[in-house]
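Student: Spelled out from the first residue to the last, the chains are:
Number of protein chains: 2
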Amino acid sequence: MELLYATYHLDAGPAEAEVHARSVLLEQTIETPEGVAQRYPFVRDQMQGQIETLAPAVGGGYRLVLGLPIHTAAVDPAQFLNVLFGNASLHAHLTLEDVTLPPALHARFPGPRFGIDGLRALTGVTGRPLTCSALKPVGLRLDELATLCRLFAEGGIDLIKDDHYLADHPFCPFEDRVRRCQDTVEETAARTGHRAHYVPNLSGTPDQVHRQLDFARAAGVRVVMAAPMLLGLPCFYELVRRHPDVAVLAHPSFGGMPNIRPALLLGKLFRLYGADAVIFANYGGRFSYPQAVCADIAATLRAPWAAVRPAFPVPAGGMQVERTREIVSFFGLDTILLIGGSLLEAGPHLLDRTRELTDRVARAVAEITTSPS
Amino acid sequence: MELLYATYHLDAGPAEAEVHARSVLLEQTIETPEGVAQRYPFVRDQMQGQIETLAPAVGGGYRLVLGLPIHTAAVDPAQFLNVLFGNASLHAHLTLEDVTLPPALHARFPGPRFGIDGLRALTGVTGRPLTCSALKPVGLRLDELATLCRLFAEGGIDLIKDDHYLADHPFCPFEDRVRRCQDTVEETAARTGHRAHYVPNLSGTPDQVHRQLDFARAAGVRVVMAAPMLLGLPCFYELVRRHPDVAVLAHPSFGGMPNIRPALLLGKLFRLYGADAVIFANYGGRFSYPQAVCADIAATLRAPWAAVRPAFPVPAGGMQVERTREIVSFFGLDTILLIGGSLLEAGPHLLDRTRELTDRVARAVAEITTSPS
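From first to last, the protein sequence lines are chains S and L. Going by my numbering, the letters in the first sequence line up with residues 1 to 373, in that order. Going by my numbering, the letters in the second sequence line up with residues 1 to 373, in that order.
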């Protein structure tokens, strides 16, 4: 019987830890009184799982590791979540911390098709972080979006993504927007030699996002953005698997589940479901993620993990151009810098400000790679 | 400009409440420095939203009501979530409490197709709560599931649902299971006159769940179960809209987001996305939801709300048969009682135990409806 290992934090004292641990195990497996399972040999021998570890955690509470049978978890990408943290998410005082997969489950989840190396090959960018900016705010018309797109591309940005509020709006319909922005980056590439990639945001029901991706791909788009928690992770999985030649940037919207360790959800699960790069709220920006959480997310995205390709961390959320050196230094070269508002604030000086960003990235890389380690 | 009103709780003191409120508003609308929006008249006038209320909350912190433009929220069922609590879910110290929709957004979200009245008409059950039990634990073979199904049907259960861990397993493939269980309830109905409904669980990627529902419907199934948070709410929405003649029971798996009020997520959003009945963890069972939270969920599911049909509350999670009177008394007649383990524990006496449950429901109804109110 192959097991996956799920690690939880139990906010419990010594008197109740064992009882809580048993109830979480029951919840994530047979979900019936144990006597019932005894009547069915297959259930008794194959479906019950076990408590691997229950030990006091550093900082209080208990660390609980469950060994969970993969008969159910491996059957489809919704059941994997269900077994990992389905009903358990409803238990108070419980946090999902980590997961380890056996080989059969890795076969079900091949992960990113591009990852860091593939996205570098696709964009032709080596030896430095990639740069990314955003077409925003929502409400701009096609001409306004195309202008931003051209200036970002001329300024040397690698990935020009839609704002996550851009969908199939009457004032900038998805297909018209993709055509305009894709034409713009192609025209700029032909003129300047710098090939920026336009990254449209996919949004809607599963049928809508499949149609959007089909259209974008036919228009020449090679990188798209989607929010796995808005669409649902099984929908994201299907999107990724059905379009092997398009890279996917995952957006964290609706991904704030306080009972899941951020690095597990954004760093490990998004990667497992196929994200080639994952946006997260950087420290010191509009959000309040501590620096250590951000380091944890980046490290988890890039950590060796069976045959699952490493994915790019994309720190974002109110980053200032002036912080380029610090961010590159903190996250290293295998990073995508996403800076939106701090460029857009420049208004008529957007092109200069964008060039300043790409110059700062080049200088930061030169300083970091020549300084003694 | 039509607005939707989102209510949040800010865990903030008087010194920072205003700043936090502004940052949440910015996050859920233009997501760029305010100066940028001023340059574009449409963005400035149509996309910025406003703070409607910011006032100290009972019990501490602040109650924040934002008026959010529906240009984005109404464009598709993923964007509605995105505008309501997308990036905001990543903010610490913030809880989503409620939402109010203008007419244009109600047009996008017609809600349940059956609801309480429709599900009563479909099952032919009036004047009492419906009863529901579960085919579990996962790991049973087809013969074992069919036996349970027959005994539940003979015992008078109305809805016989799959365990939420039942998917397309090799040991009980979805299509074989649906055929066997559906045959069983039909054969029992012909023999006994009591028409139970078999309720298969849908699980997988969007393509898989659509195929499963097509198959189930062709086999005569009229009620299915799905977990909106596992599949993704936009996938659940599409499933509901595409199959107008099949009722949907929503399962709460993966729905434990501690930063969303349970009655809003399970009671209001699941209903808005089309659930005809919603399962939730009842007080005094395997989970630790307080009684007041359960009452809030049930009341929210049944509250008058524009043209959105009321949906059935389905309290569940380790309920004992002996609690029937108390549960019916607490939740009232427009309830579905879901009791699994407490029946299955009876083993060879399952039929008697099931009849005990349906008798207890009848007696509880008689007592409640004849007692002075």
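Please note that a few of the clues may not be correct.
As the list claims (entries may be wrong) - Computed spacing ranges between beta-carbons, pair by pair: (1) 220(L) with 22(S): 39 to 45 angstroms; (2) 144(L) with 170(S): 36 to 42 angstroms; (3) 187(S) with 34(L): 28 to 34 angstroms; (4) 34(L) with 322(S): 15 to 21 angstroms; (5) 329(L) with 39(S): 30 to 36 angstroms; (6) 220(L) with 333(S): 55 to 61 angstroms; (7) 220(L) with 176(S): 43 to 49 angstroms; (8) 288(S) with 58(L): 24 to 30 angstroms; (9) 176(S) with 242(L): 23 to 29 angstroms; (10) 220(L) with 39(S): 43 to 49 angstroms; (11) 291(S) with 106(L): 42 to 48 angstroms; (12) 18(S) with 218(L): 45 to 51 angstroms.
Please keep in mind that the hints were generated in silico from the structure rather than gathered at the bench. From the three backbone atoms N, C-alpha and C, an ideal C-beta is built for every residue, glycine too.
Student: Look at each hint and say if it fits the structure.
Tutor: Here is what the structure says about each hint:
1. 220(L) with 22(S): 39 to 45 angstroms: Once the Cβ atoms are compared, 40 angstroms apart, the range 39 to 45 angstroms for residue 22(S) and residue 220(L) holds.
2. 144(L) with 170(S): 36 to 42 angstroms: violated (54 angstroms)
3. 187(S) with 34(L): 28 to 34 angstroms: Between residue 187(S) and residue 34(L), where Cβ atoms are some 32 angstroms apart, the hint holds.
4. 34(L) with 322(S): 15 to 21 angstroms: holds (20 angstroms)
5. 329(L) with 39(S): 30 to 36 angstroms: Because 33 angstroms falls inside the window, the suggested range holds.
6. 220(L) with 333(S): 55 to 61 angstroms: Given a distance of about 60 angstroms, which is inside 55 to 61 angstroms, the answer is holds.
7. 220(L) with 176(S): 43 to 49 angstroms: holds (45 angstroms)
8. 288(S) with 58(L): 24 to 30 angstroms: holds (25 angstroms)
9. 176(S) with 242(L): 23 to 29 angstroms: holds (27 angstroms)
10. 220(L) with 39(S): 43 to 49 angstroms: The hinted range 43 to 49 angstroms is violated for residue 220(L) and residue 39(S), with Cβ atoms some 30 angstroms apart.
11. 291(S) with 106(L): 42 to 48 angstroms: Since residue 291(S) and residue 106(L) have Cβ atoms about 44 angstroms apart, the given range 42 to 48 angstroms holds.
12. 18(S) with 218(L): 45 to 51 angstroms: Since residue 18(S) and residue 218(L) have Cβ atoms about 48 angstroms apart, the given range 45 to 51 angstroms holds.
Consistency note: the structure conflicts with the earlier hints numbered 2 and 10.
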